[in-house]
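Participant: The lines below spell out each chain.
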Amino acid sequence: MKAYINSIHCMAAQGASNTVFKISEPNYGEILGNSGELRRMSKLVKMGMYASQKCINETTLEQMDAIVVGTGLGGVESSEKFLIPLLENESSTHSPTPFIQSLPNSIAGQIALKLKCYGYNMTYVHRGFSFESALLDAMMLIQENDENKNILVGGLDELVDSYVEQMRQAGYLKEASKPADLGVVLGEGATFLQISSEENPQTQAILKDLRMLYRPENDIDITNVINEILIDNNLIINEIDFVLIGNCGDKYLDEKLKSVSEKQFMNHSKMNFKEQCGEYYTSSGYALWQAVQLINGSSGLFDEAPKTINNVLIINHYNDINYSIFLISKP
Amino acid sequence: MYFLFYHKRHKGNKDLKQFIFVFFVPFVVEIGTLFFTISLNSKNSKPMNIYITGMGCISALGSETDQTLYNLQNEKSGLTYMDFVETQYNQKFMAGEIKMSNQDLANRLGLTHKIPTRTSLIGLWAAQQAVNQSGIEIVDKSYKTGFISASTVGGMVNTERHFQNFLNGTNQENFVSLNDMGDSTEYIANTLKISNFITTINTACASSLNAIILGSRMIKQGILDRVVVGGTDSLCKFTINGFNALMLLDTEACLPFDARRKGINLGEGAAYLVIESEKVIKDKSKILAQISGYGSSNDAYHQTASSPNGYGLQLAMKAALKTASLTPKDINYLNAHGTATPNNDLTEGWAIKETFTEGISFSSTKCFTGHTLAASGSIEAVFSILSINNDFLPANLGFQEAIQEHGLIPISTTQKGVSLKHIMSNSAGMGGSCSSIIFSKP
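Those sequence lines, one after another, are chains A and B.
Under numbering that gives the first Met the number 0, the first residue of the first sequence carries the number 0, and numbering increases by one thereafter.
Under numbering that gives the first Met the number 0, the first residue of the second sequence carries the number 0, and numbering increases by one thereafter.
Keep in mind the hints are simulated off the structure, nothing from the lab.
Note that this is a predicted model, so its numbers are computed, not measured.
Don't take every hint at face value.
As a list, the in silico BS3-like pairs of lysine-lysine whose alpha-carbon atoms are at most 30 Å apart [as the list claims (entries may be wrong)]:
1. A:Lys-250 <-> A:Lys-1
2. A:Lys-53 <-> A:Lys-329
3. A:Lys-262 <-> A:Lys-21
4. B:Lys-219 <-> A:Lys-148
5. B:Lys-278 <-> A:Lys-207
6. A:Lys-115 <-> B:Lys-140
7. A:Lys-1 <-> B:Lys-140
8. B:Lys-140 <-> A:Lys-207
With the sequences and hints as input, model every part of the structure.
Facilitator: Listed below in structure tokens is the structure:
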């Protein structure tokens, strides 16, 4: 099962931070038009509409056969916007807009509405498997029949201050009072890509493999899956030119991946990509974007990256529970 | 693809669109069927049959399948005013509530210490029933087993209990890690020890039907051998007020497909199916039904309302017929989405009329359970399988007066002793999600 990536757009924070990684919001109106509709959109919907449109603009296509989106949290901001007045006074009048926008499938739905796309439309909301599930579904669609040739896939999550505070109170975050190697730094971002069943002149990379691994017991479980991927794709480990690793910065949560990284990829060029984008449920979207940039020699982030990059491996985890591995290759 | 083409060319010309749709689409669908079969055969040597071998359901109709069947057959609705939901509206709107507290549910599940969210509790109850009925041994590592669940509001019922304290700075609970929609999925998967594949779908009210469809596709592609699929949602202040803000709730028992209908009664519930590939079923007597076709599309019309002729739903129903290689005449009964909102029942009615030009027996079972949101697709799947195995069709309770525009008349009293081969079930949700599935007698 493989897919050709013809276009990819990523909105992410750039540069290091020890508090939160927030995106700098673009002038949405430039791409989406300054309408009343834009003003009513939540930040997450705007991010989704913007990133998907930027992605589509880079293709030669006007229409998609299917739209598949992953979001771990959905519209957190809208959800709170609806919940807070409700808790204060349930019987007063409440606007339904934040309720509608809190629905995670409002992103894929609004993209379909804009494109007038009647095709398959799906939204995955499973933590660190959200973006992965969307990609897997899209790759299955390509495999199933000849009606789904061009698919838009997205992964996005927004960061809201009160969510950060809830995560801090629950003990997940890095704090001055804690040792530096404990806790995570949260981020946000949106990645949309257009994949197809066949290679075309726009093709930037090939997504050759994608595996999800739920609660592996140890690093050997992860290494075994990596070896399976290498065998299934006729590669040896030295043919992997770059490894993007999704360690989150918490030494306990990172234990397994750290061990994989040290044992299997000791002499490989590699990078902990969350040092650039922060931790969020769909951060593998950022990594996939970086992988495509690396393959095309357009990544400015990695000075030490080899000149020619043919194969990139992404190994990600969320909270030491949701592990995923991607193989991306030069067309 | 064809639809997209004509739509681009004839944008804005509605009459022409209708014309092309009615007269040309059947032809295209025929060719499409042929094409699909060929391409499928070229990719997989033999089309694989997929079967349901277990099911579990908990709703306002009860927590046991026998009880659910009895209530369905005897026209006993589960709609009442609310006893457990913490809302000011508990005596204003009728709903399909499960008459058990979280503690009762936990006791019945044998959970002694940490009690999860209500969404997880009812989900685990239904999923465990399904696994027990199928007799699959999840620990048997020679089979790849997955869990695909659906939820629209996840742990919101728990969050709204603690959020005010959070705002006041007095919160002591870790509600954030139970709030997302993946929480109940992981809780249930961990308890059932399913680990080969897990994910969660949220396509609003079409969520669990899409979970069933994804599971079926993963088995067909050989990614999984067997999969537990379905959905779970608990009643909460958030959804009650959301639908109230949209002015879509009925204070009395809802009246699907009736001219007098005023809106939805919300409900809560969970239902799961065990789906297996024909290759791995050891005991063929366990087979309850076959999944023979499915289709998903988007209505691409409005965020909360469906298009005037239910175009997305038409596409989904036609795609389901196509994957099943069946014609509308082969379908014996349709379990409609039928939420009882003015918009849904008008537009779904038109979609039914367009798809089943020679008519179809249909009803909505929302008048028994309320609209259970993410769980509705899998709950209605259980009802459809009960119908197939017990030769009956459930009534569209309270029906008196047809909707003037399309004049469709649902089944208004239970029909017993009917032989059923194929049943179709529809789901449609906000964001334009439309899905349809066909269950067949094995």
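Participant: Could you run down the list of hints and mark each one as holding or not?
Facilitator: Structure-based check of each hint:
no.	hint	result
1	A:Lys-250 <-> A:Lys-1	violated, 34 Å
2	A:Lys-53 <-> A:Lys-329	holds, 22 Å
3	A:Lys-262 <-> A:Lys-21	violated, 33 Å
4	B:Lys-219 <-> A:Lys-148	holds, 19 Å
5	B:Lys-278 <-> A:Lys-207	holds, 28 Å
6	A:Lys-115 <-> B:Lys-140	violated, 44 Å
7	A:Lys-1 <-> B:Lys-140	holds, 26 Å
8	B:Lys-140 <-> A:Lys-207	holds, 26 Å
Going through the hint list in order, the structure does not satisfy hints 1, 3, 6.
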